[in-house]
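Those protein sequences? They're chains A and B, same order as listed.
For the first sequence, position 75 (counting from the first letter as 1) is numbered 75 according to this note's numbering, and the numbering increases by one without interruption.
For the second sequence, position 45 (counting from the first letter as 1) is numbered 45 according to this note's numbering, and the numbering increases by one without interruption.
Hints listed in this document are in silico derivations from the structure and should not be mistaken for laboratory results.
For glycine and all other residues, C-beta sits at the position ideal for the given N, C-alpha and C.
Keep in mind that a hint or two might mislead.
According to the in silico footprint, chain B covers these stretches of chain A (three or more CB under 8 Å from chain B) [to be verified]:
{"hint": "1", "segment": "74 to 87"}
{"hint": "2", "segment": "92 to 99"}
{"hint": "3", "segment": "104 to 114"}
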Amino acid sequence: DTAVSQTPKYLVTQMGNDKSIKCEQNLGHDTMYWYKQDSKKFLKIMFSYNNKELIINETVPNRFSPKSPDKAHLNLHINSLELGDSAVYFCASSQSVAGGDTQYFGPGTRLTVL
Amino acid sequence: GNSVTQMEGPVTLSEEAFLTINCTYTATGYPSLFWYVQYPGEGLQLLLKATKADDKGSNKGFEATYRKETTSFHLEKGSVQVSDSAVYFCALSPRLGSNYKLTFGKGTLLTVNP
Numbered sequence: 001d002t003a004v005s006q007t008p009k010y011l012v013t014q015m016g017n018d019k020s021i022k023c024e025q026n027l028g029h030d031t032m033y034w035y036k037q038d039s040k041k042f043l044k045i046m047f048s049y050n051n052k053e054l055i056i057n058e059t060v061p062n063r064f065s066p067k068s069p070d071k072a073h074l075n076l077h078i079n080s081l082e083l084g085d086s087a088v089y090f091c092a093s094s095q096s097v098a099g100g101d102t103q104y105f106g107p108g109t110r111l112t113v114l
Numbered sequence: 001g002n003s004v005t006q007m008e009g010p011v012t013l014s015e016e017a018f019l020t021i022n023c024t025y026t027a028t029g030y031p032s033l034f035w036y037v038q039y040p041g042e043g044l045q046l047l048l049k050a051t052k053a054d055d056k057g058s059n060k061g062f063e064a065t066y067r068k069e070t071t072s073f074h075l076e077k078g079s080v081q082v083s084d085s086a087v088y089f090c091a092l093s094p095r096l097g098s099n100y101k102l103t104f105g106k107g108t109l110l111t112v113n114p
C-alpha cells in the first residue's frame with residue numbers, strides 16, 4: 001500500500017487557470033506538509049497542518065490555498081496560475097510536529113504552466 | 001534562522017569508489033539531522049538520521065555522524081554502486097518548539113558510473 005499518495009502525477013495547464021492537487025496518507029499521521037521543489041531541486045516548505053489545523057504558512061502567495069478535510073488528506077488549490085508556479089509539488093506527512101520525526105514524502109506532482 | 005549548507009554537485013564517481021558529501025548547519029540549540037535521498041522521478045526518502053550529538057545514523061551502507069563541535073553531518077559510503085545515483089539532501093529540524101519545520105540543503109546530485 002502506498003503510504004503517501006498524490007494526484008495527479010503530472011499537470012499541464014495554461015496561465016490564469018485554477019487547479020488542485022490532492023494528497024492522502026494512510027500512515028495514521030497527525031501532521032501533513034506541502035513542499036515546492038524548483039528546477040534546481042531546491043526544496044522549500046509551503047504549508048503544514050496538524051490535526052487539520054494550519055501551523056506553518058511560509059510567505060506563500062494567497063493564490064495558494066491548502067485545505068485539510070481530515071487528518072489523512074491535505075489538498076492544495078492554486079488560483080490564477082503563473083509561469084513561476086511551474087515546479088514539482090511534494091506532499092509529506094509525519095507522526096507529529098515534534099522535532100526529529102521522520103517525514104514521509106509522496107511521489108510528487110509536476111506542474112507545468114504554459 | 002536555521003540553515004543547511006551542503007557541497008555543490010554534481011558528483012561523479014566510478015562504482016566502488018568512496019563517497020563523502022559534506023553538510024554543515026546553523027541552528028539554535030541542538031537540532032535533529034537527516035539525510036534524505038531522491039531517486040530519479042521519485043519523492044524523497046529518509047536515508048538516515050541522528051537526533052543528538054555523537055549519534056551515528058546508518059542505512060544501506062551509508063553513515064553520518066552528528067558532530068556538534070563542527071556543526072557537521074557529513075554523509076559517507078565506502079563503496080558506491082550505480083543504484084546509488086540520486087540527489088542527496090541534508091536537512092535539520094529543531095527539537096524544541098511545536099512548529100517544527102524541516103530545513104533542507106540545496107541537494108547534491110550523485111552519478112555513479114559502472
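Checked hints:
1. 74 to 87: This one is violated; 0 residues, fewer than the three required, reach chain B with a Cβ under 8 Å.
2. 92 to 99: Satisfied; 4 residues make the cut.
3. 104 to 114: holds (count 5)
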